[in-house]
Every structure is written in structure tokens, then in C-alpha cells.
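Visitor: In order, the protein sequences belong to chains A and B.
Read in numbering that gives the first Met the number 0, the first sequence has 286 at position 287, and its numbers run on one by one without any break.
Read in numbering that gives the first Met the number 0, the second sequence has 179 at position 180, and its numbers run on one by one without any break.
One or more hints might be untrue.
If several chains are the same, the list does not tell them apart, and a pair holds so long as it fits within one copy or across any two.
[To be verified] Here are the simulated BS3-like pairs of lysine-lysine, each with C-alpha atoms no more than 30 Å apart in a straight line:
(1) K39 / K117
(2) K51 / K39
(3) K154 / K51
(4) K244 / K1
(5) K281 / K60
(6) K282 / K220
(7) K244 / K55
(8) K282 / K51
(9) K112 / K244
(10) K117 / K262
(11) K262 / K51
(12) K262 / K67
(13) K55 / K112
(14) K227 / K281
(15) K244 / K39
Hints were generated in silico from the structure; no laboratory data involved.
Keep in mind it's a predicted model, so treat the numbers as computed, not measured.
There are 2 protein chains.
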Amino acid sequence: MKIAIAGSGALGCGFGYHLQKGGADVTLLDNWEQHINTIKEEGLTISVNGDKDNQKMTICKPHELKEKMDVIFVFTKSMGLNAMMESIEHIIGPNTKVVCLLNGLGHLKTLEKYIDRKNIIMGTTVWTAGIDAPGHTHFNGQGPVEIQNSDPSEKEATLEIVEMLQKSGLNGVYSENVNYTTWRKACVNGTMNALCTLLDANIEEVFQTSEIDSMLTRIIKEFAIVAKHQDNVILDVDETITYLKGVAAKVGAHYPSMHQDLKNNRPTEIDYLNGEVAEASKKLGLEAPYCQQITDLIHAKETILGITTAKAK
Amino acid sequence: MKIAIAGSGALGCGFGYHLQKGGADVTLLDNWEQHINTIKEEGLTISVNGDKDNQKMTICKPHELKEKMDVIFVFTKSMGLNAMMESIEHIIGPNTKVVCLLNGLGHLKTLEKYIDRKNIIMGTTVWTAGIDAPGHTHFNGQGPVEIQNSDPSEKEATLEIVEMLQKSGLNGVYSENVNYTTWRKACVNGTMNALCTLLDANIEEVFQTSEIDSMLTRIIKEFAIVAKHQDNVILDVDETITYLKGVAAKVGAHYPSMHQDLKNNRPTEIDYLNGEVAEASKKLGLEAPYCQQITDLIHAKETILGITTAKAK
């Protein structure tokens with residue numbers, strides 16, 4: 000099976016590494032010169048749950064790959080998805096499946112601009128990863144990766160990919176309701192990421208404040224309304240908050256990725272979380288003031304820090 | 000005229016100093032031991048718009064003053080008003096006027112728990128002040144001090160105080176609509192203070208973001224609804240925003256007092272600004288989500304910084 004990883008940062012490298020070990024013909028795609036050169040010259044150095052390995056892998060820039068792929072995993076930041084899809088159009092054939100495991104909301108809309116819905120497979124993963132240096136990454140967790148075909152007719156092809164993910168040690172799972180999983184994950188990111196970033200604090204600190212219930216309830220109510228209207232996903236507000244508190248208790252004094260984005264002067268993914276809920280609410284003739292204000296505040300913070308944001312909407 | 004300054008921080012010292020020079024019999028009241036002792040031993044050292052002076056002044060703790068006063072100026076932080084009123088009840092006679100120039104909203108309610116409305120004079124001032132060391136303060140600006148009796152029958156007594164303020168160089172002005180002035184000032188503090196504190200930025204930085212119009216409009220709309228319902232004050236949203244931008248342009252790269260409160264680990268006055276609007280909205284059967292969330296976020300930030308807040312409501 001010919002697989003391209005479109006966006007071979009930390010998570011992309013981790014997936015590519017496992018898929019290659021599982022027997023697939025993997026090409027890593029990326030635009031980071033130094034990262035590409037290091038992997039070409041020295042192979043990918045990767046630490047998986049603490050175990051170090053070095054693996055020879057094929058890597059190039061998107062335009063350098065000439066063949067059509069069977070499966071493409073996209074692993075960009077949310078705001079990079081459009082540009083990535085443009086740069087890989089030439090490797091997408093009529094039956095190429097594109098698997099999207101990005102955080103956030105609204106990616107199906109973006110993908111449908113480039114490919115037929117029947118070839119889109121949406122999913123989520125709880126594998127985590129980081130880059131230590133160009134060509135050096137780490138990859139942690141046990142998964143799973145949950146995926147589901149966007150078009151009901153394509154379940155069989157999706158099950159094949161699930162099988163390949165399992166064989167590769169990535170803990171692939173076929174999801175009967177990937178929209179639900181996606182919204183649940185967006186609830187995690189739309190509360191923990193947003194609040195920790197605004198309050199410049201870690202998850203433990205934020206979840207110990209006496210305002211946490213009030214803040215979570217108001218944000219999640221807005222997510223729940225859009226989830227229901229847009230994807231027929233039922234998010235029970237109280238149950239979701241209990242779930243969030245459970246996640247928070249488990250991760251503890253951790254700074255979420257959005258907080259780290261700002262600290263490192265990178266634009267955040269707020270437009271694909273609270274911002275998406277605010278925009279979607281407008282389209283439904285509703286308001287989502289809590290999500291709207293969080294989005295405004297985070298964007299204002301980006302501007303103040305001199306971060307150029309390619310605003311999505 | 001026997002005058003007590005109830006709360007002789009920077010602004011209280013500045014007022015007391017001027018009133019004494021204008022011929023009034025002034026007693027400063029405070030609870031800060033070191034400040035009291037320095038003023039007792041060395042007099043008050045004050046710099047008024049850069050001109051330094053030293054003046055012998057009477058200062059003691061509230062319970063040490065035994066006489067009834069003609070006029071009491073209260074100069075506490077918003078959250079200190081209740082405790083101060085309790086500690087000065089014994090110097091309030093049936094005709095003692097209490098002048099309240101505190102920032103924020105809702106102070107009339109607090110004062111009415113202790114004194115008859117006919118003796119309450121509400122006002123605002125744009126004098127600014129700071130403490131350099133115990134017994135050493137500075138006092139800047141040109142005023143004015145705008146005041147108005149809360150009970151229509153008491154205009155004459157209020158005009159006498161205006162005259163005294165004028166004679167003292169404090170630029171006293173009789174206000175025909177002090178509620179309007181108070182709401183306008185609350186709009187300044189409820190936007191600049193709150194946003195600069197949340198975004199950890201100065202006024203210039205916050206007002207240069209492209210989200211500023213969206214953020215101001217949403218906050219001011221909520222202030223305007225409560226101002227109308229509660230005090231019959233009409234705040235035109237667009238005009239108020241133009242005014243705020245004018246103020247912001249004038250003050251520039253300045254960090255407002257609430258930002259400095261957090262930096263110095265002091266509780267903020269958010270409950271008397273956005274918090275008051277959120278609470279008042281609830282009582283009107285409405286919601287003020289933007290003010291509510293700002294209040295929650297600032298309180299969460301206080302908790303994270305380990306600041307004990309005596310929550311007002």
C-alpha cells in the first residue's frame with residue numbers, strides 16, 4: 000500500500016515510522032528543509048514511549064512526489080490544511096483515500112473543496128508527539144486512532160486502513176460515530192487549550208479555580224448547540240464536564256499545545272475550535288458569546304505578541 | 000468645616016492636603032501603621048504635578064477619631080467600602096455628608112446600608128495619585144471632581160462642598176447627572192482595565208488589535224442595557240466607543256490600575272465593573288455573557304496567582 004504522510008512533523012513522523020514497520024510503502028512529505036535533509040542523510044531518529052530507534056525513510060517536498068498514492072494521512076496544523084491540499088493534488092487519484100486526524104472542527108468542509116466525500120476518512124487520535132531537533136522526534140501513548148468513512152459506502156476500504164493501523168501498532172479502531180469523538184475532543188481543546196492560554200496557566204491550575212464550572216458550562220453549552228444542529232451529535236453538558244474534569248485530573252500540571260504555540264510565537268488553532276463554534280452559530284442565526292469572546296481575546300493576544308495570523312474565516 | 004478622609008492612600012492624601020490648604024479642618028484616617036507613623040512624625044510629603052511640599056497633617060486610625068464630622072470623603076478600594084463604613088459609623092452624625100468618588104458601580108447600594116440617602120453625595124474624579132513610600136505620595140492632573148447629591152433636596156449642601164473643592168484647588172464641579180459620568184467612567188475601566196489585565200498588555204497594544212471594535216462593542220452593549228434599566232442613563236454605544244478610543248489614544252502605552260493590581264498580587268475591582276453589570280443583568284432577567292466571562296476569567300487569574308479575593312457578591 001502506497002502511503003504519503005502530508006505534513007511530517009512529530010505526529011506525521013510517528014505515524015509514518017509505524018506504518019513503514021507494518022509493511023507499507025511510506026513517503027514522508029514536508030517543507031522544512033533542515034528536517035528533510037537530516038532524515039535523508041541520517042534517517043529518522045525516533046523515541047517511541049522512551050525506546051529509541053533510527054529508521055531509513057523516504058522524505059521529500061510535496062511537489063517532488065510524482066506517483067498517485069493509495070492513502071494519504073494529512074498531519075498539518077489546522078490553518079495549514081488548505082495549502083497542503085493544494086500542494087498534494089497531483090498525488091491524489093480517483094480512489095486515493097485521504098485520512099484526516101487533525102484537531103479541531105470544520106476540516107471536512109476544507110477537504111471537500113479538493114476531493115470527493117467518498118474518499119475522505121475522518122478521525123481522531125490521542126497519540127502525542129514532539130520534535131526534539133530536525134530529524135529527531137518522539138511519539139508517546141497507546142492510541143487509539145479512531146477513523147470512519149465520511150460516505151457510508153466506503154466502510155470496507157476504511158476497515159482495510161484500520162487493519163493496517165492495527166498491524167502497525169497504532170491501535171486503529173473503526174468508529175461508528177467519529178463526529179461524536181471529534182466533538183468530544185474539540186470540547187477538550189476548546190476549554191483546556193483556550194483557558195490555559197488566556198490565563199497563562201497549566202491545566203491543573205485552571206481546573207482548581209472556583210470559576211471552572213461556570214466557565215466550562217458556558218463554553219460547552221455553545222459547543223453542544225452547534226454539534227446538535229450541524230452534525231446531529233448529542234453532547235450532554237454535565238456528562239461532558241465530568242469527562243473534561245477526568246481528563247484534566249489525568250494530565251495534571253500540563254500546558255496544552257495552544258499555550259505552547261503562543262509562548263513560541265506561533266499562531267493558534269482557535270479559529271478551528273471556539274472560533275468555528277462562534278461562526279457556525281452565526282450561520283444558524285444564533286450567538287455564541289463565550290466562544291466569540293475567547294476567539295477575539297486569543298487573536299488579540301496573537302497580535303500583541305506580533306504573531307501573524309492567517310485568519311481562516 | 001470638619002472633614003475626614005476615610006482611606007488616606009495616595010488619592011485620599013492628595014484630597015486631604017488640598018482641603019487643609021483651602022482652610023478645612025482635615026483628619027486623615029487609615030489603617031496602615033507605617034504610613035500613619037511617618038505622617039505623624041515627619042508630616043505628609045507630597046508632590047503635586049511635580050512640585051514637592053511637606054505638610055503637617057492629623058492622621059489616625061478610624062476608631063481613634065471621636066468627633067462627628069461635617070463631611071467624610073471615602074477613598075477605599077471598592078471592596079474595602081463596607082469595612083470602612085463599619086469602622087467610621089461613630090463619626091457620622093445626622094447631617095454628616097459622605098462623598099464617594101470611588102471607581103466602579105454599585106457603591107450607592109453599599110452606602111445606603113449605613114446612611115440615609117439624603118446624606119450621600121456621589122461623584123467621580125480624574126485626579127490620579129500614587130504612593131512612593133509610607134508618608135510620601137504624588138498627586139497629578141487638573142481634575143475635575145464632579146459631585147451630585149443622591150437626594151434632590153440636598154443640592155445646597157452639595158454646592159457648599161463644590162465651593163470648598165474649588166477653593167482648595169481641586170476643581171470641584173456640580174454635576175447635573177453624576178450617574179452618566181459614573182457609567183462613562185465604568186465603561187473606561189470595564190474595557191481598558193479588564194482587557195489589558197486579561198491580555199497582559201498596555202492600552203496602546205490592546206487598542207491596536209483588529210479585534211478591539213468587536214470586543215468593545217460587545218462589552219459596552221451590556222453596560223448600556225444595565226445603565227438604561229437601572230439608572231435611566233443612555234449610553235450610545237458608538238459614541239461611547241469613539242470616546243474610549245479617544246481616551247486610549249491620549250493615555251497610550253499605559254498599564255491600567257487593574258493590571259498593576261494583579262502584577263502586585265492584589266485583588267482586582269472586577270466585581271464592581273463587569274461583574275456588577277453581569278449581576279445586575281441577571282436581576283433584570285437578562286444575560287451579559289461578555290461581562291460574565293471577563294469576570295470569571297479575572298477571578299480565575301486571581302486564584303491562579305494565589306490572590307485571596309473577598310468576593311463581593
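Visitor: Each hint needs a verdict: does it hold in this structure or not?
Guide: Results for each hint:
1. Within a single copy, K39 and K117 get their C-alpha atoms no closer than 34 Å, and across copies no closer than 84 Å, so neither meets the 30 Å cut-off.
2. In this assembly of identical chains, K51 and K39 lie within 30 Å of each other by CA distance solely inside one copy; the values are 18 Å within and 71 Å between copies.
3. Proximity of K154 to K51 under the C-alpha cut-off of 30 Å is found in neither arrangement, the shortest distances being 36 Å within a copy and 83 Å between copies.
4. Taking the shortest Cα distances, K244 and K1 never come within 30 Å of each other, neither inside one copy (41 Å) nor across copies (58 Å).
5. Within a single copy, K281 and K60 get their C-alpha atoms no closer than 38 Å, and across copies no closer than 57 Å, so neither meets the 30 Å cut-off.
6. With identical chains, the CA atoms of K282 and K220 are at most 30 Å apart both within one copy (17 Å) and between copies (22 Å).
7. In the homo-oligomer, the alpha carbons of K244 and K55 never lie at most 30 Å apart, since the shortest distance is 41 Å inside one protomer and 59 Å across protomers.
8. Proximity of K282 to K51 under the C-alpha cut-off of 30 Å is found in neither arrangement, the shortest distances being 49 Å within a copy and 61 Å between copies.
9. Taking the closest pair of Cα atoms, K112 and K244 never come within 30 Å of each other, the shortest separation being 37 Å inside a single copy and 41 Å across copies.
10. In the homo-oligomer, the alpha carbons of K117 and K262 never lie at most 30 Å apart, since the shortest distance is 39 Å inside one protomer and 54 Å across protomers.
11. In the homo-oligomer, the alpha carbons of K262 and K51 lie at most 30 Å apart inside one protomer (28 Å), although the nearest pairing across protomers, at 44 Å, exceeds that limit.
12. In this homomeric assembly, K262 and K67 never come within 30 Å of each other (Cα to Cα): the closest approach is 39 Å inside a single copy and 57 Å across copies.
13. For the homomeric pair K55 and K112, neither the shortest alpha-carbon distance inside one copy (34 Å) nor that between copies (78 Å) is at most 30 Å.
14. For the identical chains of this complex, K227 and K281 are neighbours both inside a copy (15 Å) and across copies (27 Å), given an alpha-carbon limit of 30 Å.
15. In this homomeric assembly, K244 and K39 never come within 30 Å of each other (Cα to Cα): the closest approach is 43 Å inside a single copy and 55 Å across copies.
The structure fails to meet hints 1, 3, 4, 5, 7, 8, 9, 10, 12, 13 and 15 from the earlier list, while all remaining hints are met.
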